[in-house]
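*Asks:* Using the sequences and the accompanying hints, generate a full structural model.
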Amino acid sequence: MVSTSSLVLGVAAAGADSATMLLTGTAGLVAGAMSMAAGEYVSVSSQADAEAADIAKEKAELADSPAAERAELVAIYQKRGLDRALAEQVTDQLMAKDALKAHLRDELGLTEEMAARPIQAAWASALAFSIGAALPLLAAYLAPRASVDYWIAGGSLLFLALLGGVGAKMGGAPVGKAVLRVTFWGAFAMTATAGIGSLFGATVA
1 MVSTSSLVLG VAAAGADSAT MLLTGTAGLV AGAMSMAAGE YVSVSSQADA
51 EAADIAKEKA ELADSPAAER AELVAIYQKR GLDRALAEQV TDQLMAKDAL
101 KAHLRDELGL TEEMAARPIQ AAWASALAFS IGAALPLLAA YLAPRASVDY
151 WIAGGSLLFL ALLGGVGAKM GGAPVGKAVL RVTFWGAFAM TATAGIGSLF
201 GATVA
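Count the sequence shown with the numbering used here and you get residues 1 to 205, in order.
It is worth saying that the hints were derived from the structure and are not from the lab. Watch out, some of these pointers could steer you wrong.
[Stated by the list, open to error] Below, computed lysine to any residue pairings styled on SDA-like, alpha-carbon distance capped at 20 Å:
{"no.": "1", "residue 1": "Lys59", "residue 2": "Met95"}
{"no.": "2", "residue 1": "Lys101", "residue 2": "Ala115"}
{"no.": "3", "residue 1": "Lys59", "residue 2": "Gln93"}
{"no.": "4", "residue 1": "Lys101", "residue 2": "Val74"}
{"no.": "5", "residue 1": "Lys177", "residue 2": "Leu157"}
*Replies:* Following this line, the structure appears as structure tokens:
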């Protein structure tokens, strides 16, 4: 949202008409969404490759030295508070059912639910960016050209403050500090691009 708002404000400050602003904002939305999706896909794919390597390594270790792997799992459960007899009992039962799954979960922290999924991560990232970028585009489309700068900046900062406050509340962090931080940097980015746009517009004129 900040990048698209800043982009649209920059071309608006340079004197662009509404059609140019919409075109610029739409291009920014598409480019940003694709960039976010590509970056997320590459990052999560690397994580998936690392997980696959860990799984292959654990399979080999279970095949080559099951006793040592059993001892590792027993030690893990003992560290979590079980006495040795109970830790051995739990280990034997879990390994009898699915030794690989038990080691991946309790030794490496890997579960099916938390497995890296590059495609899903890419789509989620692109969607999140697109939703955020749609707000300044909507303002650019609906607001009068004379006041569009204020609508874009005001709406974006208000939404940023809302997101910052909700995120802080859910995370148990100070709400005021989070809202101030996100609105400050959002305003800074938009002011900087609008200033550059104004200078460019004055130079061209």
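*Asks:* None of the hints should be skipped; say for each whether it holds.
*Replies:* We went through each hint and held it up to the structure:
no., hint, result
1, Lys59 to Met95, "holds, 13 Å"
2, Lys101 to Ala115, "holds, 13 Å"
3, Lys59 to Gln93, "holds, 18 Å"
4, Lys101 to Val74, "holds, 15 Å"
5, Lys177 to Leu157, "holds, 15 Å"
Of the numbered hints listed earlier, not one is contradicted by the structure.
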